[in-house]
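Chains V and Z, in that order, are what the protein sequence lines are.
Here my numbering is used: the first residue of the first sequence is 1, the next is one more, and so on.
Here my numbering is used: the first residue of the second sequence is 1001, the next is one more, and so on.
These are calculated hints, taken from the structure and not from any lab test.
Cβ coordinates follow ideal geometry from the N, Cα and C atoms, glycine included.
Please note that the accuracy of each hint is not assured.
When the alpha-carbon atoms are kept at most 16 Å apart in a straight line, the in silico EDC-like pairs for lysine to aspartate or glutamate are as follows [as the list claims (entries may be wrong)]: (1) V:K148 with V:E134; (2) V:K68 with V:E112; (3) V:K61 with V:E86; (4) Z:K1121 with V:D107; (5) Z:K1139 with Z:D1127; (6) Z:K1139 with V:E19; (7) V:K251 with V:E24; (8) V:K197 with V:D184; (9) V:K61 with V:E122; (10) V:K197 with V:E135; (11) V:K251 with V:D266; (12) V:K61 with V:E121; (13) Z:K1011 with V:D28; (14) V:K197 with V:E227; (15) V:K61 with Z:D1127; (16) Z:K1121 with V:E24; (17) Z:K1221 with V:D255; (18) V:K197 with V:E260; (19) V:K228 with V:D200; (20) Z:K1139 with V:E134; (21) V:K68 with V:E35; (22) V:K68 with Z:E1012; (23) V:K270 with V:D255; (24) Z:K1221 with Z:D1007; (25) V:K148 with V:E122; (26) Z:K1139 with V:E86; (27) V:K270 with V:E260.
Far from chain V, by Cβ distances over 12 Å, these chain Z residues were calculated [stated by the list, open to error]: (28) A1010; (29) H1026; (30) R1033; (31) P1054; (32) S1062; (33) M1120; (34) V1122; (35) Q1125; (36) I1126; (37) L1132; (38) M1137; (39) F1196; (40) Q1225.
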Amino acid sequence: MIGETSTNGHHPSPEVVIEFRDVELGFDQHLVLREVSFRLFRGETKVLFGVAGSGKSVLLKLAMGLLKPDSGTIMVLGQEVSSMPEAELFELRRNIGMVFQESALFDSLTVEENVAFRLIEEHTPPDETRHRVEEALSFVELQHTMQKFPSQLSGGMRRRVAIARAIVSHPEVILYDSPTGGLDPITSTTIVELLVKQRDVYQTSALMVTHRLQDGFIMATHRYNQEKQQMEPVDHGVNTNTSFLILRDGKVIFDGSAHELRGSTDEYIKEYIS
Amino acid sequence: MPILSPDELAKEKVAAVQEYSLLAGHSVANIFRQPRYLGDLLIQADLIGVGSLPIVTLTGLSIGAVLALQTSSTLQQFGSVSLTGQLVSFSMIKEIGPVLTSLMVAGRAATGMASELGSMKVTEQIDAMRALGTDPMKKLVTPRLFATVIMLFFLTIIADFMGLLGGYIVAITLLGLTTQQYWTSAYQQLQFADVFQGLSKPFFFGFIIATVGCYYGFSTKGGTQGVGRSTTQAMVASSVLILIFDFFITRLLIGVFGR
């Protein structure tokens, strides 16, 4: 795991972009997250596994500052989001991209307006906005849908537009909430390829929530070949920039690399990944 | 729906009042903060103001005509049919114009806001907006609030005029009054206090319509069924609040102006 290999004293410690320290959150007297602690380093992609209701999406919303924890500390890009007022969070969020579970595209805006939303809010000049929107949409291979409305797109296309909207401002961190949820296997692979491309081309740090094991393992075993413009298996078996975190009943029961995950002796984890 | 204990119910209601007060306070305070969404304000002004014009015009015309008919039958007993214009103008300008226009606009705008924002809430579009670094209060609530307040003021003036026109048509065609008789009677007794009373109400009612509509939209839970529930609640709450506040504002202004 990146954190372990970097603390040997020979290399400077990689920068922590997201850190959860003993975070707890409950709704209606039911604890959803319990003493959650982990760190995400710069350039790393951490895949969050867990069954439905284990608190994965809540964890992403906490990282984004959309929810406040009952206790514990959350640091994002060196700032404590757990105690930050909403007005200051808006500034911080400009450096973070988020892809929501159901895409959450603005249904009254066109694809172009959706992707350009953040740039327009930042008063980016129209020519530059147009150029960056085209760039983001061509990244997800949807440049031909600019004038369409979200309702005119398929589920997979909407998810790709949501990715384009998240990456258009070149954020330092991206949070993916079940980006392949509810999609067919072929479309899911297309989406995962985009995430691998984003990770390897732009070196963006990411937290990715999923309940599809194969998505996480594709992330860990593949890299993006820019020359061939396609995803391919990693030479030595595992991409060290990808790690895994498993939640069970709101608690972190695993945080480590793909090798460590495969070698885990925990009965629940063995059953989960089998 | 779970049955709540009295203290839980009380806490829920107090929390709702607190949330509503915060939303109302922030939406007003945001007018002094950057960024300002002038484009969104104009879009909402068009939707709320121009969009409500046909129904407000029709309502004003109809109520004015009916008022003239109803009052004339009473006035006839005292041989004072010539005062029909005065009664129509007093009733329309001081009371019926602002209240009825507000109720009509509440039916269109408060429900529209609750359903639109409620749909955005349940499909995570509000969260997406926050995640994109934009304050939904500034982008969605403040333009709707100011558009409603401004447009309701002008819609009330239009409704008042249409009411007077409706009364005039009845007075001429059915009551045998002359144009001069009707308009002189309608205008002569009207004082600044009456006009002020009628035209100050839309500011309060517009505030109620927009903040209640947005509050119910933002607090929507439970998918499409929740959106429907929020829409109904917004309509009922805004109408009830308009009627309650109408009494207190009227009492206050009568106290201030003495009429």
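Now the hints, each set against the structure:
The suggested pairing of K148 of chain V with E134 of chain V holds, with an alpha-carbon distance near 14 Å, which does not exceed 16 Å. Restraint check for K68 of chain V and E112 of chain V: not satisfied, since their Cα atoms lie roughly 32 Å apart, outside the 16 Å limit. Among the hinted pairs, K61 of chain V with E86 of chain V is consistent with the structure: their alpha-carbon atoms are about 13 Å apart, no more than 16 Å. Taking the CA atoms of K1121 of chain Z and D107 of chain V, the gap is about 12 Å. The hint holds against a cut of 16 Å.
For a cut-off of 16 Å, the pair hint linking K1139 of chain Z to D1127 of chain Z stands: about 13 Å separates their Cα positions. In summary, the hint linking K1139 of chain Z to E19 of chain V is not supported, as the alpha carbons are separated by about 31 Å, beyond the 16 Å threshold. Pair hint K251 of chain V plus E24 of chain V holds up; C-alpha atoms about 9 Å apart against a cutoff of 16 Å. For the hint pairing K197 of chain V with D184 of chain V, the CA-to-CA distance comes to about 20 Å; that exceeds 16 Å, so the pair is violated.
Of the supplied pair hints, the one linking K61 of chain V and E122 of chain V is violated, its CA atoms being roughly 23 Å apart against a limit of 16 Å. For the given pair, K197 of chain V sits about 14 Å from E135 of chain V by alpha-carbon distance, which is consistent with the 16 Å threshold. Of the pairs offered as hints, the one joining K251 of chain V and D266 of chain V holds, with about 14 Å between alpha carbons and a cut-off of 16 Å not exceeded. The hinted pair formed by K61 of chain V and E121 of chain V fails the criterion: a straight-line CA distance of about 22 Å is larger than 16 Å.
Between K1011 of chain Z and D28 of chain V the CA atoms are separated by roughly 14 Å; this keeps the pair inside 16 Å, and the hint holds. Using a Cα cut-off of 16 Å, the hinted pair K197 of chain V and E227 of chain V holds, with the two alpha carbons roughly 12 Å apart. Annotation: proposed proximity of K61 of chain V to D1127 of chain Z holds, straight-line Cα distance about 9 Å (limit 16 Å). Note on K1121 of chain Z and E24 of chain V: the hinted pairing is violated, with a Cα-Cα distance of about 25 Å set against a maximum of 16 Å.
Of the pairs offered as hints, the one joining K1221 of chain Z and D255 of chain V is violated, with about 34 Å between alpha carbons and a cut-off of 16 Å exceeded. Distance check on the hinted pair: K197 of chain V and E260 of chain V sit about 24 Å apart at the alpha-carbon level, beyond 16 Å; violated. Of the supplied pair hints, the one linking K228 of chain V and D200 of chain V holds, its CA atoms being roughly 14 Å apart against a limit of 16 Å. Restraint check: the Cα-Cα separation between K1139 of chain Z and E134 of chain V comes to about 25 Å, which exceeds 16 Å; the hinted pair is violated.
Note on K68 of chain V and E35 of chain V: the hinted pairing holds, with a Cα-Cα distance of about 14 Å set against a maximum of 16 Å. A distance of roughly 20 Å separates the Cα atoms of K68 of chain V and E1012 of chain Z; the hinted pair therefore is violated under the 16 Å criterion. A hinted pair counts as satisfied when its Cα atoms are at most 16 Å apart, and K270 of chain V with D255 of chain V qualifies at roughly 14 Å. Distance restraint check for K1221 of chain Z and D1007 of chain Z: the Cα-Cα separation of roughly 22 Å exceeds the 16 Å cut-off, and the hinted pair is therefore not satisfied.
Under the criterion of a C-alpha separation no larger than 16 Å, the hint pairing K148 of chain V with E122 of chain V is inconsistent with the structure, at around 23 Å. In summary, the hint linking K1139 of chain Z to E86 of chain V is supported, as the alpha carbons are separated by about 15 Å, within the 16 Å threshold. Note on K270 of chain V and E260 of chain V: the hinted pairing holds, with a Cα-Cα distance of about 11 Å set against a maximum of 16 Å. The beta carbon of A1010 of chain Z is kept farther than 12 Å from every beta carbon of chain V, the shortest such distance being approximately 17 Å.
Distance check on H1026 of chain Z: its Cβ comes as close as 10 Å (rounded) to a Cβ of chain V, failing to clear the 12 Å threshold; non-interface status is violated. Non-interface call for R1033 of chain Z relative to chain V: violated, since the shortest CB-CB distance, roughly 9 Å, does not exceed 12 Å. Interface exclusion of P1054 of chain Z from chain V stands, the closest Cβ pair being 23 Å apart, more than 12 Å. With a cut of 12 Å on Cβ distances, S1062 of chain Z stays outside the contact zone with chain V, its closest approach being about 34 Å.
Against the 12 Å criterion, M1120 of chain Z falls within the reach of chain V, whose nearest CB is about 8 Å from its own CB. A cut-off of 12 Å between C-beta atoms contradicts the statement that V1122 of chain Z is not in contact with chain V; the least separation is 10 Å. A cut-off of 12 Å between C-beta atoms contradicts the statement that Q1125 of chain Z is not in contact with chain V; the least separation is 5 Å. I1126 of chain Z, annotated as away from the interface, has a beta carbon of chain V within 12 Å; the closest lies near 9 Å.
For L1132 of chain Z, the non-interface assignment is contradicted: its Cβ lies about 5 Å from the closest Cβ of chain V, within the 12 Å cut-off. Under the 12 Å C-beta cut-off, the non-interface status given to M1137 of chain Z relative to chain V is violated; the minimum distance is some 9 Å. Look at F1196 of chain Z: its CB is around 38 Å from the nearest CB on chain V, clear of 12 Å, so calling it non-interface holds up. Taking the minimum C-beta to C-beta distance to chain V, about 17 Å, the non-interface status of Q1225 of chain Z holds against the 12 Å cut.
In summary, the structure is inconsistent with hints 2, 6, 8, 9, 12, 16, 17, 18, 20, 22, 24, 25, 29, 30, 33, 34, 35, 36, 37, 38 from the numbered list given earlier, while agreeing with the others.
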